[in-house]
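Colleague: Sequence lines, in order, name chains A and B.
All letters in the first sequence, in the order written, are residues 7 to 119 by this note's numbering.
All letters in the second sequence, in the order written, are residues 81 to 191 by this note's numbering.
Bear in mind the hints are in silico, worked out from the structure with no lab data behind them.
Note that the Cβ used here is the ideal one computed from N, Cα and C, for glycine as well.
Incorrect hints may appear among the rest.
Computed list of chain B residues with no C-beta within reach of chain A, every gap over 10 Å [what the hints assert, rightly or not]:
hint: 1; residue: R96
hint: 2; residue: P101
hint: 3; residue: S105
hint: 4; residue: Q125
hint: 5; residue: H129
hint: 6; residue: E138
hint: 7; residue: R148
hint: 8; residue: P156
hint: 9; residue: G182
hint: 10; residue: K183
Result set (SDA-like, lysine to any residue): computed pairs, CA atoms no more than 25 Å apart in a straight line [unchecked claim]:
hint: 11; chain 1: A; residue 1: K63; chain 2: B; residue 2: K132
hint: 12; chain 1: B; residue 1: K149; chain 2: B; residue 2: S191
hint: 13; chain 1: B; residue 1: K183; chain 2: A; residue 2: D92
hint: 14; chain 1: B; residue 1: K132; chain 2: A; residue 2: S102
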Amino acid sequence: DTGVSQDPRHKITKRGQNVTFRCDPISEHNRLYWYRQTLGQGPEFLTYFQNEAQLEKSRLLSDRFSAERPKGSFSTLEIQRTEQGDSAMYLCASRSRSGNTIYFGEGSWLTVV
Amino acid sequence: DAKTTQPTSMDCAEGRAANLPCNHSTISGNEYVYWYRQIHSQGPQYIIHGLKNNETNEMASLIITEDRKSSTLILPHATLRDTAVYYCIVREGQAGTALIFGKGTTLSVSS
Numbered sequence: 007d008t009g010v011s012q013d014p015r016h017k018i019t020k021r022g023q024n025v026t027f028r029c030d031p032i033s034e035h036n037r038l039y040w041y042r043q044t045l046g047q048g049p050e051f052l053t054y055f056q057n058e059a060q061l062e063k064s065r066l067l068s069d070r071f072s073a074e075r076p077k078g079s080f081s082t083l084e085i086q087r088t089e090q091g092d093s094a095m096y097l098c099a100s101r102s103r104s105g106n107t108i109y110f111g112e113g114s115w116l117t118v119v
Numbered sequence: 081d082a083k084t085t086q087p088t089s090m091d092c093a094e095g096r097a098a099n100l101p102c103n104h105s106t107i108s109g110n111e112y113v114y115w116y117r118q119i120h121s122q123g124p125q126y127i128i129h130g131l132k133n134n135e136t137n138e139m140a141s142l143i144i145t146e147d148r149k150s151s152t153l154i155l156p157h158a159t160l161r162d163t164a165v166y167y168c169i170v171r172e173g174q175a176g177t178a179l180i181f182g183k184g185t186t187l188s189v190s191s
C-alpha cells in the first residue's frame, strides 16, 4: 500500500497520560498535514509541514500538542496530559511538491478514559 | 471558516444519478473546487477537483457554473457504497494551505 499510513489505528489511554501518533506520508510528498475530527463534525486543521519546517499551526493546537517532522519524511503528533476532550480521530494527509491533491490516511482513533 | 454551503443531507435511489450541489459565491480566481467524501470511520477520500472547466474521472463528474459561484458533483449511477458525507472545498491549487472542511452533505443511497 503506497498511501498515507498512520499508526496506531486505535489507542485507548487514561486521562493524564501522553500519547504519540505516527504518520508516514506518500513517498516523496514534501507537504504533510494533521487534522482532528470529532463525531459529527468535519475534519479540523491542526498543523502543516513543508519538508521539516512547521509552517502553520491552528489555534486548536494547544500547548499540550506538539508535532514534529524531523527529517522531512514521517511525522509524529504527541498529546501530553490527555484530557477526555482529546478523544477524536487524528488524521494525517500529504501532498506532493507539484500536485494539487491532498491525500488522507485512515486516521488514528484516540479514546481518553 | 469554510467558504462553501452545502445541503445537510440528500437521498438517492440506487442506480440513479446523485447530484450534490455546492455554493461558493466568494470563490476567487485562483481557487479550485475540491470534492472529498468520507465513509463512516474512514479518512476522507479524494474524488475530483476543477478550476473552471467541467471535469470527469472514473468516480464522478464535476460541473462548475460559468460564474464559478456554484458547482455540482454528479455520481452517475449511485450504489449503496456511495453512502457517505461529501465535502465541497475551495482552495488555491498550488498553495500549501490546508483544506478547510465544512459539515458536508450526508448522502444516503437506498435500494
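Colleague: Now, for every hint given, state plainly whether the structure supports it.
Modeller: Okay, the hints, checked on the actual structure:
Even its closest Cβ contact with chain A, about 26 Å, leaves B:R96 beyond 10 Å, as expected for a residue assigned away from the interface. Separation of B:P101 from chain A is adequate, the least Cβ-Cβ distance of about 17 Å exceeding the 10 Å criterion. With a minimum CB-CB distance of about 20 Å to chain A, B:S105 clears the 10 Å threshold, and the non-interface call stands. Non-interface status of B:Q125 relative to chain A is broken: a Cβ of that chain comes within 10 Å, the nearest being about 7 Å off.
The Cβ of B:H129 does not lie farther than 10 Å from every Cβ of chain A; its closest approach is about 6 Å, which violates its non-interface assignment. With 10 Å as the threshold on Cβ separation, the claim that B:E138 sits away from chain A holds: the shortest Cβ distance comes to roughly 15 Å. Every CB of chain A is more than 10 Å from the CB of B:R148 (nearest about 16 Å), matching its label as outside the interface. Listed as a non-interface residue, B:P156 keeps its Cβ farther than 10 Å from every Cβ of chain A; the least gap is roughly 21 Å.
With 10 Å as the threshold on Cβ separation, the claim that B:G182 sits away from chain A is violated: the shortest Cβ distance comes to roughly 6 Å. The beta carbon of B:K183 is not kept farther than 10 Å from every beta carbon of chain A, the shortest such distance being approximately 6 Å. For a cut-off of 25 Å, the pair hint linking A:K63 to B:K132 is broken: about 31 Å separates their Cα positions. Taking the CA atoms of B:K149 and B:S191, the gap is about 33 Å. The hint is violated against a cut of 25 Å.
Of the supplied pair hints, the one linking B:K183 and A:D92 holds, its CA atoms being roughly 20 Å apart against a limit of 25 Å. With a C-alpha separation of about 22 Å, the suggested pairing of B:K132 with A:S102 holds against the 25 Å cut-off.
Violation of the numbered hints given earlier is confined to hints 4, 5, 9, 10, 11 and 12; the remaining hints are satisfied by the structure.
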